[in-house]
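Q: What follows is each chain in one-letter form.
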Amino acid sequence: GQQLNQSPQSMFIQEGEDVSMNCTSSSIFNTWLWYKQEPGEGPVLLIALYKAGELTSNGRLTAQFGITRKDSFLNISASIPSDVGIYFCAGQLYSSNTGKLIFGQGTTLQVKP
Amino acid sequence: NAGVTQTPKFRILKIGQSMTLQCTQDMNHNYMYWYRQDPGMGLKLIYYSVGAGITDKGEVPNGYNVSRSTTEDFPLRLELAAPSQTSVYFCASSSDPYEQYFGPGTRLTVT
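Heads up: the protein sequence lines correspond to chains A and B, in order.
Under the numbering used here, the first residue of the first sequence carries the number 223, and numbering increases by one thereafter.
Under the numbering used here, the first residue of the second sequence carries the number 1291, and numbering increases by one thereafter.
Here chain A stands alone, though its shape is the one from the complex (with noise of 0.2 Å):
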């Protein structure tokens, strides 16, 4: 099936620190959307990203849908420790509009006080 590449899979920051991580595919995407899960919980929408180019921020979260429509970049900014947790990439494929979306195997934050 269609894959996400999600990178890094982890990492370990010190407080304070900024934050990127990125989702790539082969195939082309009509939508990107970016999930945060803590433990135990269901994911919880962060961001959606529509149109290509899109530069989407909420809070000290921002993201943004690359040009090729192949990819797309979170940032967290000046990071704090309840920023702890999985977050996944999740894209709808162009050819789709059912809401079949393809996750990414997710990047896993810890953040040092």
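Treat the hints with caution; some may be incorrect.
What the hints assert, rightly or not - Only pairs whose alpha carbons sit at most 25 Å apart, straight line, appear in this in silico PhoX-like list of lysine-lysine:
#, chain 1, residue 1, chain 2, residue 2
1, B, K1347, A, K322
2, B, K1299, B, K1334
3, A, K334, A, K273
4, B, K1334, A, K322
5, B, K1299, A, K292
As the list claims (entries may be wrong) - Stretch by stretch, here's where chain B covers chain A in the computed footprint (C-beta under 8 Å, at least three residues):
#, stretch
6, 265–275
7, 322–333
Quick caveat, the hints were computed from the structure, so don't treat them as lab data.
Since this is a predicted model, take the numbers as computed values, not measurements.
For every residue, glycine included, the Cβ atom is placed at its ideal position computed from N, Cα and C.
Based on the hints, put chain B in the right spot on chain A.
A: Below, chain B without anything else, positioned relative to chain A:
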């Protein structure tokens, strides 16, 4: 507003047993989805529905069945549980085919 609710939170099944995972949403969303999440992995789509009475297979449908008789409910049925179905199951819903909102999950162990 409860959002997406799932029951049970935890369940242990013996091989060959059957069970139904319940999912209810109170947001009047047309789209509903079932995913499974294995340790260290992303989510994989099992089944989805674009409205009451309409369901379709996702990436990993084998061993599961669904029905959608109402807008609110989207139960997932396991007929003959197998160890490979040990996973965390998430239900999600959305008003459009994009921004999906997830329930808290059901952790299932098959032994």
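Q: So, for every hint listed, does it hold in this structure?
A: Here is what the structure says about each hint:
no. : hint               : verdict
1   : B:K1347 to A:K322  : holds, 10 Å
2   : B:K1299 to B:K1334 : holds, 19 Å
3   : A:K334 to A:K273   : violated, 35 Å
4   : B:K1334 to A:K322  : holds, 10 Å
5   : B:K1299 to A:K292  : violated, 36 Å
6   : 265–275            : holds (count 5)
7   : 322–333            : holds (count 6)
Checked against the numbered hints given earlier, this structure breaks hints 3 and 5; the rest are met.
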